[in-house]
Amino acid sequence: MEPIIETFESRKKHMCIKGSGISIPECNTPVLPGTVTQRTCVFGGARIVLMPITDSIHLVHGPIGCAACTWDIRGSKSSRGDLYRKGCSTDLTEKDIIFGGEKKLFDTVIELNKLYKPGAIFVYATCVAGVIGDDIKSVCKHAEELTGCRVIPVQSEGFQHYNKTKGHWIGCDALMDYVIGTAEPKTQTPYDINIVGEFNVAGDVWGVKPLLEKMGVNIISTISGDSEVEEIAMSHRAKLNIVQCQKSSNYLADKMEKKYGIPSIKVNFFGIDNTLTSLMLIAEFFNDPEMTERTKKIIENGIEGVDEKIKEYKERLSGKTVALYVGGNKAWSLIRAFEELGMEVIMTGTKNGMKEDYERIKETVKEGTLIVDDANSTELARLLKKYRPNLLISGAKEKYISMKLGVPFCDFNHDRISAFAGFNGFVDFAKAVDAAVSSPVWDLTSTRLKSTKWSKFTKMRRN
Amino acid sequence: MSGINVIKRERNVIINPLKTCQPLGAMFAVMGVHHGFPLVHGSQGCSTFVRYNFARHFREPAEIAVSSLHEDAAVFGGRKNISSGIKNLAVRFKPDLIGAITTCSSEIIGDDVFGFVDTTKKELKTMSEDNKGLDKIEVIPIATPSFVGNHFTGYDVGVKALVDNLAEPGEPTEKVNIIPGIVNPGDIREIKHILELMGIEGTMLTDTSDPFDSPLRPSVTPTRPYFPKGGTTVDEIRDSANSQGTIAMCKYAGSAATSLEKQHNVPAIIETPPIGLQNTDQFLRNLKKLTDCNIPDSILDERGMLVDLIADNASRYLFDKKVAIFGDPDITTGLARFVGEIGMEPTMVCTGANSNSFPEDMEKISKETGTDIDVLFEQDMRSFEVYIKENPVDLMIGTSDGRLLSLDQGIPLIRAGFPVYDRIGYHRHPIVGYNGAMRLMELITNAVLERYYDPTHWKLQQ
Chain A
1 MEPIIETFES RKKHMCIKGS GISIPECNTP VLPGTVTQRT CVFGGARIVL
51 MPITDSIHLV HGPIGCAACT WDIRGSKSSR GDLYRKGCST DLTEKDIIFG
101 GEKKLFDTVI ELNKLYKPGA IFVYATCVAG VIGDDIKSVC KHAEELTGCR
151 VIPVQSEGFQ HYNKTKGHWI GCDALMDYVI GTAEPKTQTP YDINIVGEFN
201 VAGDVWGVKP LLEKMGVNII STISGDSEVE EIAMSHRAKL NIVQCQKSSN
251 YLADKMEKKY GIPSIKVNFF GIDNTLTSLM LIAEFFNDPE MTERTKKIIE
301 NGIEGVDEKI KEYKERLSGK TVALYVGGNK AWSLIRAFEE LGMEVIMTGT
351 KNGMKEDYER IKETVKEGTL IVDDANSTEL ARLLKKYRPN LLISGAKEKY
401 ISMKLGVPFC DFNHDRISAF AGFNGFVDFA KAVDAAVSSP VWDLTSTRLK
451 STKWSKFTKM RRN
Chain B
1 MSGINVIKRE RNVIINPLKT CQPLGAMFAV MGVHHGFPLV HGSQGCSTFV
51 RYNFARHFRE PAEIAVSSLH EDAAVFGGRK NISSGIKNLA VRFKPDLIGA
101 ITTCSSEIIG DDVFGFVDTT KKELKTMSED NKGLDKIEVI PIATPSFVGN
151 HFTGYDVGVK ALVDNLAEPG EPTEKVNIIP GIVNPGDIRE IKHILELMGI
201 EGTMLTDTSD PFDSPLRPSV TPTRPYFPKG GTTVDEIRDS ANSQGTIAMC
251 KYAGSAATSL EKQHNVPAII ETPPIGLQNT DQFLRNLKKL TDCNIPDSIL
301 DERGMLVDLI ADNASRYLFD KKVAIFGDPD ITTGLARFVG EIGMEPTMVC
351 TGANSNSFPE DMEKISKETG TDIDVLFEQD MRSFEVYIKE NPVDLMIGTS
401 DGRLLSLDQG IPLIRAGFPV YDRIGYHRHP IVGYNGAMRL MELITNAVLE
451 RYYDPTHWKL QQ
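So the sequences go chain by chain: A and B. The UniProt record's numbering puts the first residue of the first sequence at 1, with every later residue one more than the last. The UniProt record's numbering puts the first residue of the second sequence at 1, with every later residue one more than the last.
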C-alpha cells in the first residue's frame, strides 16, 4: 500500500485511514528526537489544567524561561480577579543549582503571600527542581503552616514523560490531594454539580453556565475556568460531575467518583446537537420531570433562530473540508459541530493521544478519514499539501505553517477571541469558521503575477 | 546636576518577567543561518514554548527541533537523544548547519554535548557513504544552561559559538561583519540598506531578517516551511575571519566580535545599537573608520529628513514629556538616548537583565540629557508597574507586556523590542538607522497627537 505521506519508517504506523485495516494509529510513544514536535512538556500539561484558577498565584520553581515563556498565554477569561495572569518565577540561578533552591522557594512563597494574599499558591516543579532534588512538598507544607495560605506543590518536572497528558494528571492530582474536600459548602441542594475540564478559553463557560442554571442545577465549581480555589475545595459535595475536556479531566472525574462516589457524565457544548444532547443527559441524570420540562424549553429557545443565523455561513461552507490537529479533546468533540455546518472532517489527529482517545475518534469519524498521531511540523506540512483541506483547526505553532501553505486556519486555542460553546457560541463558531474559509485572501495566495487568474477574483468562494 | 538612581529588586520572586532564558537567544542566533536548524537538547517544552513565542511575535512558523529528553536520560544521560536527534535531523532536512543547544536539564545531568557532537559527526561521516552530503553538515555545540544569564547572553553565546567553530582565515576581504543583536527583520534590512548606500558588503552574524519575515509565494512554497529563504550562509560565517572589521550593534552581546579580533585580528567595534540620530551617526562613523568608505549624499539626505522631522515636531509636541522605557538592555539604552535627543525626558529605564555596564551607560545618558534617570536594574514588570503608579509618565516605550498597564493607567505605550504580539507590523519596520528613527519619531509623536487633538485632553495643548 502506498504510504499516506513520505516519512520515517518508525512514524508510518502513526497515521492511518479509518476503514482500511488498522484504524487506530500507533500512539503514546516517545517523540523521535530531532524532529520539530508539536508536543510540549509535562509542566505545560499541568499548567494548562490549573492556570485558569483566577484567585491563585502560579509560581514556577525553576530557571526563568519556564515562567517567562508561559505566563498569560492561556486565553482563559475571568469574571473576577486577574491574579492568575501573573507570571511568577523563583528564577533559579547557578548558585541555587549548587546549593539547592529550597530556601529561595520558601522566601518567594512568603513574599508572594504578603504581596497578594492569594486564594492559593501553586508551586510547579520544573526539570531543574527535579534534577537538583528540591523537596517542594516539604517547602510548601512549611510555608502553608507559616502563612495560612494554601501552598500546593505540583510535581510537574517537564521531562517526566513525552506525553503532556501526564501533566494533566499531575495537575488533577494536585487538586485531588490538596484542594478538593478541604472546605464545606454553606448550603447543599440535590442538584449540585461541578463542571470539570472547562477552562473558559475566550469565555466558553459563560455560554454554558446560564443554560445549566436555567435548568435548575446548582454549580458548585468549575474546574478550573473562571474559578476560585475555595469553590473547588467544596466540589466533593456535588451530586454529579459533567466533564467537558475529557482528555485532561476524565482522570479527575474518575478519581472523584472513586473517593467521593460522584458519578460523571461526558458532555460537549460545541455544536447544537452536542449541546442539546449534553443538556438532556444532565436532565435525565437528575430524573426530575420539572427539570426535564425546563430543559426542553431551554433547548427550544436555544435553537430558535440558530438555523436562520447560520444559514448564510452554511451555504458557503457546505462541502468544504476540515483538518483537525489539536491537543486532545477537540480531535473528536468538534467533528459533529463541523458536520452541522455542512463541512466534512477529512483528517483528525492529536499530539498527545492515548489509545482510548483514538478509539473515541474512530467512533466519531466517517470511513476514509485520516487519523494522525503526533505529527511533527514536516509531516503536518506534507499532509496539508497532499490533502489540501479548506480549513485547519490547530494551535498557534501550527497556524503559520498552515498560512504559509495557503491553507485557511481558525484559532481554537490560546489566541481565540470569541467563545464557541453553547447555542450562541455555535453561531460565533460558524461565523469564525466562515471568516477563515470564505475570505477572498485564499484566492490571492494561489495567484501568480503572470497568470490571469487574478482577474477572475470575484469572491468565487462566496458564491 | 543630573544623575541616576539604581533601583534593584528587593525580593526574590520575579513577577511578570522581563527576560527569559539563554536557549531562546541561541535558537534565535541559529535561525539566522541559511539552512540552519536549532536542535534543543532538553525537554519538549524548551522548544515548544520558544516556538510559540517566536510565532506570536514574528507571525511566521519557527522550526526548532528538540532531542526530547525524558526521565531515563536524567539517569543514563542524554547521549542517545542528542545523537539520534542530530542524525534524524540530518537525514530528514539535510541542513547546512545544526546548532546543538543545551538547556538546564542537559547541563545539570552533565551531558558532554561537545563530546557527543564530535562522536555523532563521525557517525554522520560513515552514514554519508549511503546518504551523500551528511558529512558536509556543520554541527555546532552551544552551551546555554538556562540558570546562567538570560536570553541576551544566550544570543551572545550562540553567535560566538558559530564564529569560533566556523571562522577560517583566508584571503582578506572588503567585507564588514555586523552582529545585529536580538532585533527585528526590519532592523536588519535597514542596516543592509545603509551598507548598500555606502557600497559596503556586509556579513550579518546572523541574519534573521528573511527567515522571520518570509514572503508567501506559490512558486516557492514546495520548499516551505522546511527552510525559509535567506539567512547567513555557512561560507559567509567562515569568511568572517577575513573581514575588515566587526561591528556589534549590541553592546551586551558582542563577544563574537572580540573573539574574531583576538583570533583573527579582525578589528572589533562594540556599541549601543544605532537607535536615534547620534547612535546612527556613530554607527556610520564606525563603518567609515573600518572601511574608509565615504558617506554618500543619499545617506546625508536620509539624515536630513530625520532632522527635518524632528525639527518640525519635537519642540512643539514632545519637549519635556516624561518617558519610561523597558525591555532588553541594548534596545533600552538606544531608546533612552534617542528620546533624550528629541527633547523628552527618559525618567525611568527598566531592564530585566544584569548587564554590567548598563548603569554606567545610563549615567552617560543622564548627563547628556540633563535628566535624572531612575534605573530599574535586574527588575521585572511588577516593579515597573509599581514605579509607574507612583511616578506617572507621559509615555511608555517597551514590549507588549506593558499593554494592560498602559490601558489601566491611561499612558500610551509605544511598542518596541521583543515580544510585540498585540500589534502587527512592528517586526517589519526598523527602529535602527535614520529611517528607524523616523519611524520611532512618528510613533511617539502620533501617540501624543492622538490626545493633543482630543478636546477631553485639552491640558496637553497647554
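Worth double-checking, as some hints may not be accurate.
The list that follows gives simulated cross-link-like pairs (lysine-lysine, DSBU-like), each with its CA atoms no further than 35 Å apart [claimed, not checked]:
id: 1; chain 1: B; residue 1: K80; chain 2: A; residue 2: K141
id: 2; chain 1: B; residue 1: K251; chain 2: A; residue 2: K386
id: 3; chain 1: A; residue 1: K239; chain 2: A; residue 2: K259
id: 4; chain 1: A; residue 1: K309; chain 2: A; residue 2: K355
id: 5; chain 1: B; residue 1: K192; chain 2: A; residue 2: K386
id: 6; chain 1: B; residue 1: K288; chain 2: A; residue 2: K13
id: 7; chain 1: A; residue 1: K386; chain 2: B; residue 2: K389
id: 8; chain 1: A; residue 1: K355; chain 2: A; residue 2: K450
id: 9; chain 1: B; residue 1: K80; chain 2: B; residue 2: K322
id: 10; chain 1: A; residue 1: K314; chain 2: A; residue 2: K297
id: 11; chain 1: B; residue 1: K80; chain 2: A; residue 2: K355
id: 12; chain 1: A; residue 1: K114; chain 2: A; residue 2: K266
id: 13; chain 1: B; residue 1: K322; chain 2: A; residue 2: K450
id: 14; chain 1: A; residue 1: K386; chain 2: B; residue 2: K289
id: 15; chain 1: A; residue 1: K12; chain 2: B; residue 2: K322
id: 16; chain 1: B; residue 1: K121; chain 2: A; residue 2: K103
id: 17; chain 1: A; residue 1: K450; chain 2: A; residue 2: K362
id: 18; chain 1: A; residue 1: K385; chain 2: B; residue 2: K251
id: 19; chain 1: B; residue 1: K80; chain 2: A; residue 2: K166
id: 20; chain 1: A; residue 1: K255; chain 2: A; residue 2: K385
id: 21; chain 1: A; residue 1: K385; chain 2: B; residue 2: K389
id: 22; chain 1: B; residue 1: K8; chain 2: A; residue 2: K95
id: 23; chain 1: A; residue 1: K13; chain 2: B; residue 2: K8
id: 24; chain 1: B; residue 1: K322; chain 2: B; residue 2: K251
id: 25; chain 1: A; residue 1: K13; chain 2: B; residue 2: K389
id: 26; chain 1: A; residue 1: K386; chain 2: B; residue 2: K132
id: 27; chain 1: A; residue 1: K13; chain 2: B; residue 2: K132
id: 28; chain 1: B; residue 1: K121; chain 2: B; residue 2: K136
id: 29; chain 1: A; residue 1: K137; chain 2: B; residue 2: K80
id: 30; chain 1: B; residue 1: K87; chain 2: A; residue 2: K355
id: 31; chain 1: A; residue 1: K114; chain 2: B; residue 2: K132
id: 32; chain 1: B; residue 1: K322; chain 2: A; residue 2: K95
id: 33; chain 1: B; residue 1: K136; chain 2: A; residue 2: K137
So these bits of chain B aren't anywhere near chain A, every CB distance computed over 10 Å [claimed, not checked]:
id: 34; residue: E63
id: 35; residue: T103
id: 36; residue: P145
id: 37; residue: V148
id: 38; residue: L290
id: 39; residue: A447
What the hints contain is simulated information worked out from the structure, not anything from laboratory work. These figures come from a predicted structure and were not determined experimentally. We put the beta carbon where it would ideally sit given N, CA and C, even for glycine.
Verification of the supplied hints:
no.: 1; hint: K80/B with K141/A; result: 38 Å, violated
no.: 2; hint: K251/B with K386/A; result: 47 Å, violated
no.: 3; hint: K239/A with K259/A; result: 13 Å, holds
no.: 4; hint: K309/A with K355/A; result: 38 Å, violated
no.: 5; hint: K192/B with K386/A; result: 38 Å, violated
no.: 6; hint: K288/B with K13/A; result: 60 Å, violated
no.: 7; hint: K386/A with K389/B; result: 55 Å, violated
no.: 8; hint: K355/A with K450/A; result: 50 Å, violated
no.: 9; hint: K80/B with K322/B; result: 55 Å, violated
no.: 10; hint: K314/A with K297/A; result: 25 Å, holds
no.: 11; hint: K80/B with K355/A; result: 27 Å, holds
no.: 12; hint: K114/A with K266/A; result: 40 Å, violated
no.: 13; hint: K322/B with K450/A; result: 53 Å, violated
no.: 14; hint: K386/A with K289/B; result: 54 Å, violated
no.: 15; hint: K12/A with K322/B; result: 61 Å, violated
no.: 16; hint: K121/B with K103/A; result: 43 Å, violated
no.: 17; hint: K450/A with K362/A; result: 45 Å, violated
no.: 18; hint: K385/A with K251/B; result: 44 Å, violated
no.: 19; hint: K80/B with K166/A; result: 23 Å, holds
no.: 20; hint: K255/A with K385/A; result: 43 Å, violated
no.: 21; hint: K385/A with K389/B; result: 52 Å, violated
no.: 22; hint: K8/B with K95/A; result: 19 Å, holds
no.: 23; hint: K13/A with K8/B; result: 55 Å, violated
no.: 24; hint: K322/B with K251/B; result: 25 Å, holds
no.: 25; hint: K13/A with K389/B; result: 58 Å, violated
no.: 26; hint: K386/A with K132/B; result: 27 Å, holds
no.: 27; hint: K13/A with K132/B; result: 27 Å, holds
no.: 28; hint: K121/B with K136/B; result: 9 Å, holds
no.: 29; hint: K137/A with K80/B; result: 32 Å, holds
no.: 30; hint: K87/B with K355/A; result: 29 Å, holds
no.: 31; hint: K114/A with K132/B; result: 62 Å, violated
no.: 32; hint: K322/B with K95/A; result: 39 Å, violated
no.: 33; hint: K136/B with K137/A; result: 50 Å, violated
no.: 34; hint: E63; result: 5 Å, violated
no.: 35; hint: T103; result: 8 Å, violated
no.: 36; hint: P145; result: 8 Å, violated
no.: 37; hint: V148; result: 5 Å, violated
no.: 38; hint: L290; result: 36 Å, holds
no.: 39; hint: A447; result: 24 Å, holds
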